[in-house]
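Undergrad: Protein chains in written order, with the UniProt record's numbering: chain A, 1 to 218; chain B, 1 to 526.
No wet-lab data here; the hints were simulated from the structure.
Positions of the beta carbon are idealized from the N, C-alpha and C atoms, including for glycine.
Among the hints, erroneous ones may be present.
Far from chain A, by Cβ distances over 12 Å, these chain B residues were calculated [claimed, not checked]:
#1 PHE17
#2 LEU47
#3 SER305
#4 LEU441
Partner residues aside, some chain A positions facing chain B, computed with beta carbon under 7 Å [what the hints assert, rightly or not]:
#5 LEU37
#6 PHE38
#7 ILE75
#8 VAL84
In silico DSS-like links for lysine-lysine, alpha-carbon gap of 30 Å or less [as the list claims (entries may be wrong)]:
#9 B:LYS447 / A:LYS76
#10 B:LYS264 / B:LYS198
#11 B:LYS264 / A:LYS69
#12 B:LYS500 / B:LYS469
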Amino acid sequence: MAGSRGRGRSQFTFNVDALGFGRGDSLPTSAQTPSPLFPPMQFRPVPLQTGEEVDYMLALKQELRASSKNLPFHIKAARTKTDVARYSDKYQNGELKNNCIEWSPDWSRMPKELCIKVRKPRKTGAKPQLKQKPKVAAKKEEVLQKLETLEKREEEQHSEEEEDEEKKKQNDEEEGPDADEDYDEEEIEDETDYIMSYFDNGEDFGADSDDNMDEAVY
Amino acid sequence: MTAQEVRLCGLLLQEHFGNVVEKVGTHLIRSGVLTLRALAHETKLPLDLVKKSLCVLVQHGMCTFGAGRRGPAGPVEYRINCEHIFHMLRYPRYIYTAKSLYGDTGELIVEEILQRGQMTMSSTVKTVADRLTHNMPEGQSMDYSEVVSAFSQLVETHFLQRCPPLASAGSSSSGAVDTPLPFATQPTEPESNPDCYKLPYINLTGQGKRRRSSEGGEAEQRAAKKARTDNSECGDDGIYWQVNFQRFHLHFRDQAIISAVSCKLDQTSSEIVRTMLRMSEVTTPAHAAFTQALSANEIFRALQSSYNIARPNLDQYLSLLVDDPMEFVGKTGDSGGGMYVVNLHRALANLARATLESVVQERFGSRSARIFRLLLRKRHLEQKQVEDFAMIPAKEAKDMLYTLLSENLVQLQEIPKTPDYAPSRTFYLYTVNQLPTARLLLQHCYKTVCNLIERRLYETKENKRLLEKSQRIEAILASLQATGAEAAQLTESLRHHINKLDSSENQVDETIFLLESYINSTKTSR
């Protein structure tokens with residue numbers, strides 16, 4: 001091995017000329033920059049396929065893309081309120097809420113922890129109005145009756161006035177939201193430019209949230 | 001998951017389901033398996049949004065869940081199924097196939113189920129009937145029974161299948177799944193369910209309803225919600241159907257083989273191969289290397305009489321097919337006039353090889369393609385031998401070889417004479433390995449589709465700005481006609497570009513399908 005090293009030193013198994021440079025020459029310069037973003041092509045690409053089938057599939061693809069944006073599976077994050085809470089939020093922002101899902105999956109096929117409130121569609125203005133007006137009226141009547149009976153029974157005591165005041169406060173509070181509801185309904189009935197069917201009056205707000213978090217904390 | 005695959009998944013999710021699902025999905029792909037809380041924490045999204053996204057992904061079968069590392073008592077872990085996301089690229093092809101096989105009704109059924117992930121039979125029938133009625137002239141409506149029959153046909157030929165029931169030991173079906181089995185033991189194969197293709201008995205009669213366009217969106221919502229709540233009345237509550245992608249893929253594979261035969265040989269041979277494939281559709285398992293053996297007598301009987309092939313001609317065609325170097329058909333015996341099989345895996349390998357050769361030819365020229373084909377056939381060659389066999393002058397051959405080497409399409413194999421790998425005493429052989437090269441090309445395809453999608457998004461965004469600008473200019477200038485024409489031209493050229501990009505995506509997807517099938521076939525045969 002050592003002896004033949006001198007003799008066979010510059011013999012390669014392949015033709016050295018095939019390498020492209022001779023002995024002692026400097027290696028070709030290496031590229032210092034990354035390859036260009038749009039490298040020049042040696043040959044033009046083959047034209048696309050054409051035909052009825054191709055056109056139909058193209059139309060299908062574009063249709064699918066457009067329609068998938070309208071499906072409830074297309075999830076958009078609800079806009080966070082950036083500055084002051086505005087009056088119009090009540091009418092405009094009822095649409096998107098993070099805590100409700102717009103379609104109703106089969107919850108028996110999903111893990112329990114994913115269960116969130118399904119967004120119920122708002123019924124048309126006529127129905128709730130009919131239901132709530134008599135309700136509101138009934139509530140008011142009940143409250144007035146209660147007031148009267150209480151006044152009759154507890155005329156003598158001190159605390160009675162306080163109770164009355166408390167009751168009145170409660171009644172006011174009860175009337176407050178009632179009046180608000182009433183007010184809202186009336187507002188809704190009147191012609192506004194806002195689409196009322198999207199209004200969610202927040203009755204079932206807070207029903208969910210983090211009460212599913214009773215699983216193991218680790 | 002390679003970087004390109006993750007990028008493609010992200011783009012597809014964003015296109016169909018929006019940014020939120022994209023963020024959740026990409027993060028889950030990168031991390032592998034995660035629990036809900038970990039996912040919400042790491043993506044910094046509100047918990048509710050994460051829940052909604054996971055619901056969407058589970059509904060479409062792209063995400064699976066199971067008990068995690070801590071066993072059934074611990075939190076549920078989620079994992080993304082990337083192949084399912086890639087299938088979204090191929091939705092138009094599935095729908096078009098259903099249309100060609102089962103008409104408009106079949107097309108709409110498959111489209112509905114693809115868009116919604118899983119559906120019950122009754123809701124599908126109602127929705128499709130309504131859609132068909134909408135397109136019919138006034139006064140006519142689509143009967144439910146026709147849609148039901150189309151649905152049954154799709155199930156019988158296994159294009160639709162039942163969603164696998166969740167295997168939770170002993171939990172009642174009324175409650176939500178809270179103790180799922182761990183991933184390893186959960187039967188993920190829908191075919192393991194014996195009722196996989198059994199149609200439920202549903203009590204559904206009626207006709208599609210025509211939607212009045214004046215009622216608008218609210219009526220649609222109400223009708224849609226009503227249809228969903230009526231499910232329980234029809235008797236197939238809880239039985240969901242999904243598209244059987246594997247069956248569609250087998251169909252595409254058969255189509256590819258038949259068209260290859262018709263290109264290479266002639267129409268009659270392709271008809272013979274089509275008959276053979278149709279006869280063995282039901283009996284051949286999905287990953288089989290070749291179909292069941294069919295005798296020439298059987299093939300002759302099954303051939304459609306319209307082709308008018310006499311028996312001796314059939315024998316000649318079959319022997320031609322067997323002798324062809326592409327090896328589509330093989331002869332396995334002599335009983336019954338000769339037993340023939342279609343070599344599925346070999347056909348796929350040859351189709352993939354043809355794709356590779358075609359790619360090299362289009363990118364580097366026909367002489368480089370000659371070198372590439374030479375190396376595929378002769379396996380290992382020295383540089384001198386390459387020049388001799390390819391009949392290309394030394395300088396150019398060297399150049400081409402080095403270009404192919406730098407693109408990683410050709411590899412260098414060193415065979416040392418001595419243990420010290422001295423260059424003077426080592427043989428350097430050029431070689432091409434089909435499988436790794438196919439994988440490389442598949443990654444290039446994924447990258448191509450990503451680039452196409454991004455370019456299309458960029459073009460749409462650009463045009464939005466341009467359109468807005470042109471609208472503002474219109475408002476300022478009085479000369480509406482001039483700017484109107486410009487805007488129209490702009491939109492025309494933009495539409496043309498976007499169509500081209502979309503078409504390219506579809507075409508690249510065909511190549512992706514072929515390469516994926518080939519790579520999967522090599523996996524199973526090992």
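Undergrad: Tell me the hint numbers this structure goes against, listed in increasing order.
TA: 1, 2, 5, 6, 8, 10 and 11
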